[in-house]
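So for the sequence shown, my numbering puts the first residue at 9; every next one is plus one.
Accuracy of the hints is not assured; some may be wrong.
Straight-line distance between alpha carbons at most 25 Å, and here's what the computed SDA-like set of lysine to any residue pairs gives [said to hold, decoys possible]:
id : residue 1 : residue 2
1  : Lys110    : Ser131
2  : Lys109    : Asp98
3  : Lys162    : Ile116
4  : Lys121    : Phe20
5  : Lys211    : Tyr265
6  : Lys60     : Ile40
7  : Lys145    : Pro159
Since the hints were made in silico from the structure, they are not lab data.
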Amino acid sequence: MKIIFDEAIGRFNDLVFSLYMLENMNLMNKIIDEYGIELDKDIVRFIENIGKWKGLDREKLRFFFHDYNNGTQLVSIGGATLGYKEHRIDNFNEVLMDIGKKKEEELIKNLIKVILHSIIGNSNLVNEKYKEICSSKRDIIEYIKNLSYTPEEKWNLFLFIDEPKKYALELCNFLRLYKPIFENYYKNLDKIREKFNKYLKEKIEEEGIEYLNNLFKAIPYKQFENICIYPLYIGFCSINYNMIDDKNIFVGIGFKYEDYVLRRLKDTDEYDKYNLILKAISDKSKFSIIKLLMEREMYGMEIAERLNLTTATISHHMSQLFLAEIVLMDKQEGKVYYKLNKETLKNTIKYLNNQFKLD
9 MKIIFDEAIG
19 RFNDLVFSLY
29 MLENMNLMNK
39 IIDEYGIELD
49 KDIVRFIENI
59 GKWKGLDREK
69 LRFFFHDYNN
79 GTQLVSIGGA
89 TLGYKEHRID
99 NFNEVLMDIG
109 KKKEEELIKN
119 LIKVILHSII
129 GNSNLVNEKY
139 KEICSSKRDI
149 IEYIKNLSYT
159 PEEKWNLFLF
169 IDEPKKYALE
179 LCNFLRLYKP
189 IFENYYKNLD
199 KIREKFNKYL
209 KEKIEEEGIE
219 YLNNLFKAIP
229 YKQFENICIY
239 PLYIGFCSIN
249 YNMIDDKNIF
259 VGIGFKYEDY
269 VLRRLKDTDE
279 YDKYNLILKA
289 ISDKSKFSII
299 KLLMEREMYG
309 MEIAERLNLT
319 TATISHHMSQ
329 LFLAEIVLMD
339 KQEGKVYYKL
349 NKETLKNTIK
359 YLNNQFKLD
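Start from the sequences, fold in the hints, and give me the full structure.
Laid out in structure tokens, this is it:
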């Protein structure tokens, strides 16, 4: 197994995510409040500064970076056009040139597959569904009409599908104009970045996969031959992961993730730790997910169908179950499955037994 560190990937991610965050700040605040996390003052200042950019075209910002999935899984026209890939900032111009060269069919396909993945979850089923609806633009538009998006959201999707090349080039021009603004304010984070980059490199070199397991247990790291780690600053308390194939995974780590999330869980007293687990179990939908996973491992769409929920809702619940270490992930034959971490439940029962002297 090889673990590498690549700061340039995180920098490109921060550039794009800063625009997403600026457009969806109310949504971000809601998610942060739900997890009991404080906004980082340096990142808030960064977002406020780019919001004052005189050349900012608010209509284009909304068109390209408005979120279609309530933050449970990032879905935006701009993100889909860029491909949600791990681009490097030093390849910025090449990335935009590649987007400009894409054919209409590919641009539409990328967007629709991102939407389908947020609804269905399973890559194989996404491909099958895409084949059903991709015979013409008219079929795709009819499919979008039946989705639970707002009229404005549907209209923007229709505009993109009608002239994908035009809007792809507009996105490239928008990003070119934004990059120097981003770089100017990103310098204000230099000290923070230098400190965390050094810390992350040392942790990877000294502890390797053990550090990653302690950081976020849900990912099956040992199944991959190559793990690329990159730092996140705008997504300061996030863990991003992209299982490219059976051999390669990219993992982005927010610079405040350990402080705001991990230490809050692991360095608090037992009451706070088990209170988080019990809160998760007390939610009816999460409880139903746990009961299903007692039967066997399942993928998201299967759970959604069994519980009559959307895959977006399942993803939202899973993020909290990951945090409480109740659910883990497994990758089999290109599919990501969820499995129950019974050890967490056993330890919780032991804790309750000890507290209430039930034995």
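How the hints compare with the structure:
A threshold of 25 Å between alpha carbons decides the hint, and for Lys110 with Ser131 the separation of about 22 Å falls inside it, so the pair holds. Between Lys109 and Asp98, the direct Cα distance comes to roughly 19 Å. Compliance with the 25 Å bound is thereby established for this hinted pair. Straight-line distance between C-alpha atoms of Lys162 and Ile116 comes to about 14 Å, which keeps the hinted pair within the 25 Å bound. Distance check on the hinted pair: Lys121 and Phe20 sit about 22 Å apart at the alpha-carbon level, within 25 Å; holds.
Restraint check for Lys211 and Tyr265: the C-alpha separation of about 14 Å stays at or below 25 Å, so the hint holds. Taken as a hint, the Lys60 and Ile40 pair is honoured in the structure, with Cα atoms around 23 Å apart against an allowance of 25 Å. Between Lys145 and Pro159, the direct Cα distance comes to roughly 18 Å. Compliance with the 25 Å bound is thereby established for this hinted pair.
In this structure, none of the earlier numbered hints is contradicted; all agree with it.
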